[in-house]
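K.L.:
Below, each chain spelled out in residue letters.
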Amino acid sequence: MKVKMLSRNPDNYVRETKLDLQRVPRNYDPALHPFEVPREYTRALNAVKLERVFAKPFLASLDGHRDGVNCMAKHPKSLSTVLSGACDGEVRIWNLTKRECIRALQAHEGFVRGMCTHFSGTSFFTIGDDKTVKQWKMDGPEYGEEEEPLHTILGKTVYTGIDHHWNKDIFATCGQQVDIWDEQRTSPICSMTWGLDSISSVKFNPIEINILGSCASDRNIVLYDMRQATPLKKVILDMRTNTICWNPMEAFVFTAANEDYNLYTFDMRSLDEPVKVHVNHVSAVLDVDYSPTGKEFVSASFDKSIRIFPVDKMHSREVYHTKRMQHVISVKWTSDNKYILCGSDEMNIRLWKANASEKLGVLTSREKAALNYNQKLKEKFKYHPQISRIARHRHLPKTIYSQIKEQRIMKEARQRKQMNRIKHSKPGSIPFVSEKKKHIVAVVK
Amino acid sequence: MKVSEKSRLRVVNHEDEVLGLLTDCELSTRKDEGNKNCNKYNGEIGREMDGEIDGEVNGEVDGEMDGEMDGVDDEGDHNNDERKHQKLLNVICGLGGRKRLKLAERSEASLQVSEFSVSTEGTGEKLELSELLAPIKVSSSLGSVKKRLKNVKNKKTVELPLSKEENERVLREAAYNKISQDMDKWEPIVMKNRGAAQLVFPLEQERVLDVPIEEVIEGWKVSTPLEKEIFSLLHKNKQPVTNTVLTPEEKASLKAMSLEEAKQRRAELQKARALQSYYEARARREKKVKSKRFHKMLKKKKNKEVLKQFEELRKINPTAALEQLQKIENARIQERMTLKHQNSGKWAKSKAIMAKYDLEARKAMQEQLTKNKELTQKLEVPSESEHDEDEEEDAGLIPAIVNEVQLSIDGPNPWMQKQRLNHVKNSPTQKKPVANEAAESEEEEEATAEDELLLREVEERRAFWKSSKVEQGLQNHTMTTMTVPEKTKEDEELLVHLRDLSKQLKQKAKKIRQNGEQPESPPSATRSKPSVQREERALLNERPARMVEEDLEALDAEEVGQEPELRKPVLERHSNQKNPQKTNEPVTDLHTIISVKPHIANSFLSIPTIVEQEDCDEDIIQKQLIKEAFAGDDVIADFQREKREAEKASEPKDIDLCLPGWGQWGGAGLAISARKRRRFLIKAPKASPRKDKSLPNVVITEKRNVHAAAHQVNVLPFPFTHPNEFEHTIKTPVGTTWNTQRAFQKLTAPQVVTKPGHIIEPIKESNVESSPSHSNLPNLQKKGHQYLNHLKREPVKDA
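So the protein sequences, as listed, match chains A and B.
Quick note: the first sequence, position 199, residue 199 per my numbering, numbers continuous.
Take any residue in the second sequence, count from 1 to its spot, add 1000: that is its number in my numbering.
Chain B on its own, in the form it takes in the complex (with noise of 0.2 Å):
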């Protein structure tokens, strides 16, 4: 079967178009019928072999054709077959002859192998149906065939060539597509720009100049005389024409310097800066400490040194250190001249005006008039003795806050203390009391009292009074503040020390009696001993009285500004202080100097509780005026019933229907009777709970007002998804009122910047790097953002 069909393939081969069509189809037929017609081929097979075997192949293609196209439905009709049989060969002839002859030629190749029919002969073999139902293997030779026929089954036409349309369209659809997908790389920026929270034009900022002057120098080109003129000058001198860092010779000489020299140096500026750095903090750590005791032993150590000098200068040079006494003296002295120091020139009275505000030109006043005192105090009369005198003059024109720092309470030696307070005038201290207190006492219980002495200390006390009103005033104005256990507690510090000092004091006038030493005492003291201490008795007695007034004069004259009711109480403190202790204890000498003590500190103390007491004053004022102003309005009360009444109005009415006159008599008089009223009332159903019902403070109206909705919005706009979206647009204050300087620049930053008289230039590539939007601004409100996503289009699809 399959030689039959590898020679009608050669005939198809070579003849028209026609037949090869119709191997295609018989090719298909085969295919798809399968093995189950093979029986019928077979028989078709047999009758050929039985037949002639002609060489005319076409004669068989035909039988064959016909077979295999009628076959199907019956095969015995031969006449018929023979008739188509002989119209194909009819047609065959018609064409060419060279290929029929070739066929015919290989049809006469072999008797034994034919491709029409199986010849057993020669072989000896018979013939068996199964053998030849087999597969035949497909040869090498067939494969190109059918590829070949193939190829034929695949060929097209070759088409025309396109309109010039057409072929222009194609070439602006691929030129189209290419261009918009180029234009794609815009669109991240476009996007972004749009989004921007701030966009600044022109987009090419003008770039700040980074160039080094230098290589602008260099560049530089002299042109006109005057620049020549300049430019040799600066050549000449070998002056940098800029101002670097080093100078050549600075340079130089850092190239001079070894490594080790370096290190060297660097080392000692390092320890020299650590140093320097250390004293520093340390300096700083002690001015920042509190502690007045610390810093009273600071003075005092500074103090002594001053002292110490002063004294090196007597020993070596005493010439220099009269000098000095005599300078410090002649200041005095033009003091009182000139009365300087007493708040009388430009400088003062310009402090004077702005005492009133500022503590720093009250305390420097303060402190002009201190030391006008100081300067102006008479000089004592020289004592006789060289000695005495010799002393006096060193206390007297030492300054006075190296006797004060010597005079503190606790100083290492009370004795010593006394008796350079003997010779001190008019340092205002607390300690000359205790002095004086314990020469009271020794006075008292010893007849024989030195009468230099007791003049000596009435005088002091005496300038211990003034200045004591001094401090006072002073203390009235610095303010500070102590509380009242603390005082008491000193208080009682103070009377312990005193005790000791006095007990000093007799074993001390016990030892001079015993040596019978008599100090000398000046005459005139000596004279008027008995008066003096009738007056000093009596001055004693006398003195919580007379500080007061004292007091009260130096209050007046020296706090005008201040209001007259803080000076009330600290009267009252201090004859409240007196009087407990007048009456405690008898009128001993030291208790009444130490009760001069807590008045001193009093005198701290007080302002701080009266200040307490006046805010308590005011408060009650304040809420007093507050009553007489507002004396008529109950605005409780009123609130009240305005609820009550918003209430009322908002409460569901009854209808009342019923009308006078029907179903009876009406007129003046006569009253609708119950039983109709109750009929034709409709009574309202109870209103829902009030929301302000559990506020006592609030009214909360229910009813929609007009005028407010009128500038209410009441319709979601566009961008935004959900309410309160919007509301926390709404919310969020921009104004300085509510928003730092710099928020409100950033929340109101415009959108668009531009700057005045400048170009701004379309976009360009070159601008896209150095991106134009402003991204470290916050995108405060993402403007149009719905408008992007809006925009996003899908990318271009290629058709």
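Just chain A, same shape as in the assembly (with noise of 0.2 Å):
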């Protein structure tokens, strides 16, 4: 007689210590999960809302500059270093764990126009109104040396901007030419010039890094290669660009913050026309930089606000504001694309986390199996109405929301002109111009 006995491998159920999770054996048989959809679109809903509430991205303000923050530095190798100038010349390292003051020195008379730090991370560079470029130890002085700069050069006009090169002792400084420095040497290497006209910020691409791009304050971006000394193209759009950053992943790839409210980010191949415009600003953007996965960038503006916008939409995914802070100045997105810092009027520099509803610390691996899960679930239903609302929602200060409204209008307006203009006249004699082409007044070869 055979008895058939149903038996199981231990393997299957029994777990290798106690603290390991009691396996829930499953069935996945969809006919026994009905309701896949509904049941996670509320997964959904839920997630989105719970990102919501968990929002709170503003981690810390460093105080004691005495003057507006002018421009901020990264520390190449420290993630818990950042440098800031202020606008009365003074200097201050900071020490992000601590949330502290390490170093104040006092820089240059005036503004410090521009900051920059040594790809080895032992100097930094200043620049200043006094017409001067300092070089600075990364650590302070020992104990009775005097706080003074490992280099100086005297320049004959003011320099409004540097940077330096990637990974050779080179620097750029902008001024009413981009010059190009060898560390070594008092005089540039060699000086490109493209017209008459005061630059005011010049960036090292960080992965060509013998190409350059500046801004003029004449509307124009023009770019530059270091080892032909020669500038390469200039495009000029309808307004000041203020300041450009590269990509870091893409190497043709940048963004300009304009005066004219908006970012745009060019594809260095094709200047004729950006790759995408970015709204949302409601005043001048002064500053952007880019995270260092490249996939998004943080933009300051004079609107007190910043915003972050992912390189391929056109609207912002994220503001940034409190109460208290003013224009903002410069902006920095933490090498370790955790965190974001931004210097503004009101002598303080923010610490703002760069995802606002993360959680900060170590997770266990079900919260994180959890939160991708929820990301994913967002992700997915993200074009319901309800759940993009919800992850839509911001509050704004007045300010902002009623200059959007009215800036909306005053689109509108622009819009049904248009539209009216072209109903109007003989079919064909009133081009449609794309929103990306109406910024490009020309590109100059």
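For the record, the hints were derived by calculation from the structure and aren't laboratory data.
From the three backbone atoms N, C-alpha and C, an ideal C-beta is built for every residue, glycine too.
Worth double-checking, as some hints may not be accurate.
Said to hold, decoys possible - Calculated pairs, DMTMM-like style, for lysine to aspartate or glutamate (alpha carbon to alpha carbon, straight line, at most 20 Å): (1) A:K168 <-> B:D1619; (2) B:K1185 <-> A:D225; (3) B:K1755 <-> A:D336; (4) B:K1192 <-> A:D312; (5) A:K438 <-> A:E259; (6) B:K1192 <-> A:E208; (7) B:K1764 <-> A:E208; (8) A:K234 <-> B:E1173; (9) B:K1731 <-> A:E36; (10) A:K295 <-> B:E1187; (11) A:K437 <-> A:D225; (12) A:K438 <-> A:D267; (13) B:K1731 <-> A:E379; (14) A:K438 <-> A:E273; (15) B:K1178 <-> A:D267; (16) A:K234 <-> B:E1761; (17) A:K234 <-> B:E1168; (18) A:K378 <-> B:E1725; (19) A:K378 <-> B:E1727; (20) A:K2 <-> B:E1286; (21) B:K1755 <-> A:E273; (22) B:K1185 <-> A:E208; (23) A:K445 <-> B:E1166; (24) A:K382 <-> B:E1727; (25) B:K1192 <-> B:D1619; (26) A:K4 <-> B:E1286; (27) B:K1746 <-> A:E367; (28) A:K445 <-> B:D1182; (29) A:K445 <-> B:E1286; (30) B:K1192 <-> A:D267.
Claimed, not checked - Listed below are several chain B residues computed to face chain A (Cβ distance under 7 Å; list not exhaustive): (31) R1169; (32) R1172; (33) A1174; (34) Y1176; (35) S1180; (36) M1183; (37) F1201.
Make one complex out of these two single chains by using the hints.
P.N.:
Structure representation (structure tokens):
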């Protein structure tokens, strides 16, 4: 006689240690788990609500400057160190973990116009209104030693921007022209100019390290090649560009922060039209910085807010503001893709989370799994009206809110007028100009 | 003509550009006009031949030129010609004289060959027009001239050097084109990263150190005193620094072994391994065999061996055998003293708790009990005869299993079994009754049955009842299953077998009588013979009832947790079986005993059938319970009513427009006339058939639900081109409820993974080779795919 017994392998249900989770055998037959879409939708709704509930991006305010924070620089090797230069010529070095200033030095008379760090993290450069370029040691002076720069270069004109090469002892300044300096020399190794105007910012391409981008006050953006010591191309926009930033993951992409409230992401190879126009700010955009992953960037604006834009999106994903934050002059995205720093007019540096609802600290694997799942759900149902509404919802300061409204009205009026013009004139006589092309005045070879 | 042309060309060569241009135009006109004007030219030439052939080339040139120019219109305007001629002469005379001199020289070269006319003097031949018309072979000198002429024509002015701005512009453009072409190399990388399902940052992953430890240690420099000490120790003992696979000695031995040896050894090892695996496989196979019989045989074999060994031991070393026996005896005595196996110890108690859930524990308990019984069984008082005693002892002290095996149904020699049975007291076997029954039948047929035999048999029977009772209890627990038909078959088999046995027994008894052998009987047995007989009869008669009682007791004692219903059917079964047998057959001992067998078998069988019955009962009970619980609500009827209502509500209604009091009297108790009602009633159009018309269990509401609509997507989102596409993404669930853990992890893998506390450097060319995106991850949802397409631009065109 055969007796058929139900026999199971203990490996399938016995856990190895008692710390393990009990394995729950499951039947994944879809018939047993109906209503998957409604159930997941509910979960997505909850997830998106929770995200809004937990959205508390503001972490800390670093105060100590006695004037507006004009520029900032990231330490290339230390995540916890950040440098800032104020409008009174003071430079401060901050420790972010302790949230305190670890060093303060009077670098210039007048504004600190720009600063950058050496790629090794041993020294940093500042430029000021006193027409000097100064190199400083990153570490403070020894006991009894006086606080003084390693080198000082006295220039003929005021420098307005500085950037360091990514792996050579070379830095670039801008003012009347773009100068490329060797650290060891007191005169520039080459100067590049194209027309006569004051250049406000110069930036090295982090990937193709010999290419520079600059923006000048005559509304143009100029690209340079350091090896050939020649400018490459110039694009003239509607209004002045305040600064540009290169994408650290895409060699030919850079974003320009413009006075006309917009940001323009360009492909270096085709400057006649930006890849994307990023709207949403209601005042001049003063600074922009890319996340180290190259997927997003943060912009600081005169409208007292900072916004985070995905590179491929027209509208911002996030807006940060506080009651006390004034015009934001400089902004930085930290190298670990976690935090954002912004320096504003009212002398404070603020530390924000790059992801507003992120839980800081070590997460358990279950927490991680849950977060990933929630993220996935939000993404899956993002087109559903309720979910997108909740995800989009932000409280804004009254000024910004009303300005947005006002600008919308203005834009609609312009559009309406254009439509009417087209309607009442000979077909084809008034061409349709796309939003992207509208802002480009000319491309100069 | 050509000749003249040549001469003219010469002139041109030495004169200024004006003339050059002149000839140019002339040549072109000539070419154009071709042969059409040939006659005209001929006439001209003739005229020139008639006229003066002066050395003045220029004059001729002019004349011809004029002729060329004017001749097209009218040929005979000589006055005008001459005037022009003069003018040209003056112009030419104003130029340098040297060249003219040269030309003059040339004009004198020959009378026969002139540049301007063709003379036939001295040749004696007549010049024919056709000869003149024939094409002149192009001389080489003319070719070079033509070439030079062409060069003159193509010659361009040297351009002015470009302005600085222009120059820079060109440089910039070239540089820009070059750079943007260089940039194109990043295009595939960028596209890949944008479309990647997951990106892991930082791109430069820390590589696992795969340098062998030896190398690391070689590079190690001893610095601290502690390290020095350790290293010195290590070196002193020639200890390997690392956990190498082979120690130096092993290595040496390996080297020492010759190839043949190694081969041999390998072969040996292989063989050993093969054998081992064979034995393992065999053991496994044997273990898997489900046949009870097979296992019985196996056990028997083993027991035989054990017995043999014991026998041998007895022969070889009787003292050792005795010792062993003594040991067993001692164990029994101790057990009797200590009440060890009575399920009262710590272990037993714990098992008792577990017994409710664990079959094994229950079994263990049962075993304990049986063992206890076995051990506490009072030893038979030794009989007078030494031989008997010996045998008795043997039987009593040999482990129960051994006996059991030999007492199997189809044992080789039932007679021997019987003999053994006589001595065995308490082994709970199925065979004992057979022996008993055989003995009984003997008794019945022959009044002169041996007393002692009877006595023992009675005692055996008692033991057997007890044991059978225990067995029953056990079987109730184990719930082994057997089907009813099998049981009956077995019974029949048994019957046949038993008949054989009884026959054999009779024969045996006859033999004994013939031999006149009187088996020794214990005095007590002989004394109590009739009483015992009676007692036994009574026992036989009352057995079923008593057994039931005992059963009940046993069950009560042992299965506290079990339901009482379980037992009932058993009882019924007992009674059922008891009755027919009693009625059908006379109360012969043989049959009554046989009836025991099925009973035991029944106890095997009874449980599953009972369980089935119980199941049915439970089902019914469950149904009843549910009925009771939901006694009030008739769900189906409710649903049907609901559906009817929904249908009614969805039906379009007629509009009654008649107003009471219009056109007739109105008021309480006055009905509106049917005519008027008919007239003012607007009949609703018939509704389209409902969707749930043919679905009896469904109500489909065709109204739009506003509350649900607020949650629905009403416009197809951007990257999707078809609603199905979008629906598909929504339909596939992501959660663990619907996916395995692995699939869930894959589905919810985040798009960007960063390491906390790590600086993410910009991408470098060195990163590109080790691709940053995880290609092994399926591209579950290519986000921004459209965007990529959108971004893709044409390659940079060279200006």
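K.L.:
The structure should be examined with respect to each hint, and the outcome stated for every one.
P.N.:
Hints, one by one, checked against the model:
{"no.": "1", "hint": "A:K168 <-> B:D1619", "result": "86 Å, violated"}
{"no.": "2", "hint": "B:K1185 <-> A:D225", "result": "17 Å, holds"}
{"no.": "3", "hint": "B:K1755 <-> A:D336", "result": "8 Å, holds"}
{"no.": "4", "hint": "B:K1192 <-> A:D312", "result": "15 Å, holds"}
{"no.": "5", "hint": "A:K438 <-> A:E259", "result": "15 Å, holds"}
{"no.": "6", "hint": "B:K1192 <-> A:E208", "result": "18 Å, holds"}
{"no.": "7", "hint": "B:K1764 <-> A:E208", "result": "9 Å, holds"}
{"no.": "8", "hint": "A:K234 <-> B:E1173", "result": "11 Å, holds"}
{"no.": "9", "hint": "B:K1731 <-> A:E36", "result": "8 Å, holds"}
{"no.": "10", "hint": "A:K295 <-> B:E1187", "result": "16 Å, holds"}
{"no.": "11", "hint": "A:K437 <-> A:D225", "result": "26 Å, violated"}
{"no.": "12", "hint": "A:K438 <-> A:D267", "result": "17 Å, holds"}
{"no.": "13", "hint": "B:K1731 <-> A:E379", "result": "14 Å, holds"}
{"no.": "14", "hint": "A:K438 <-> A:E273", "result": "9 Å, holds"}
{"no.": "15", "hint": "B:K1178 <-> A:D267", "result": "15 Å, holds"}
{"no.": "16", "hint": "A:K234 <-> B:E1761", "result": "29 Å, violated"}
{"no.": "17", "hint": "A:K234 <-> B:E1168", "result": "13 Å, holds"}
{"no.": "18", "hint": "A:K378 <-> B:E1725", "result": "18 Å, holds"}
{"no.": "19", "hint": "A:K378 <-> B:E1727", "result": "16 Å, holds"}
{"no.": "20", "hint": "A:K2 <-> B:E1286", "result": "15 Å, holds"}
{"no.": "21", "hint": "B:K1755 <-> A:E273", "result": "36 Å, violated"}
{"no.": "22", "hint": "B:K1185 <-> A:E208", "result": "11 Å, holds"}
{"no.": "23", "hint": "A:K445 <-> B:E1166", "result": "10 Å, holds"}
{"no.": "24", "hint": "A:K382 <-> B:E1727", "result": "13 Å, holds"}
{"no.": "25", "hint": "B:K1192 <-> B:D1619", "result": "63 Å, violated"}
{"no.": "26", "hint": "A:K4 <-> B:E1286", "result": "17 Å, holds"}
{"no.": "27", "hint": "B:K1746 <-> A:E367", "result": "16 Å, holds"}
{"no.": "28", "hint": "A:K445 <-> B:D1182", "result": "18 Å, holds"}
{"no.": "29", "hint": "A:K445 <-> B:E1286", "result": "91 Å, violated"}
{"no.": "30", "hint": "B:K1192 <-> A:D267", "result": "17 Å, holds"}
{"no.": "31", "hint": "R1169", "result": "6 Å, holds"}
{"no.": "32", "hint": "R1172", "result": "6 Å, holds"}
{"no.": "33", "hint": "A1174", "result": "9 Å, violated"}
{"no.": "34", "hint": "Y1176", "result": "4 Å, holds"}
{"no.": "35", "hint": "S1180", "result": "4 Å, holds"}
{"no.": "36", "hint": "M1183", "result": "4 Å, holds"}
{"no.": "37", "hint": "F1201", "result": "6 Å, holds"}
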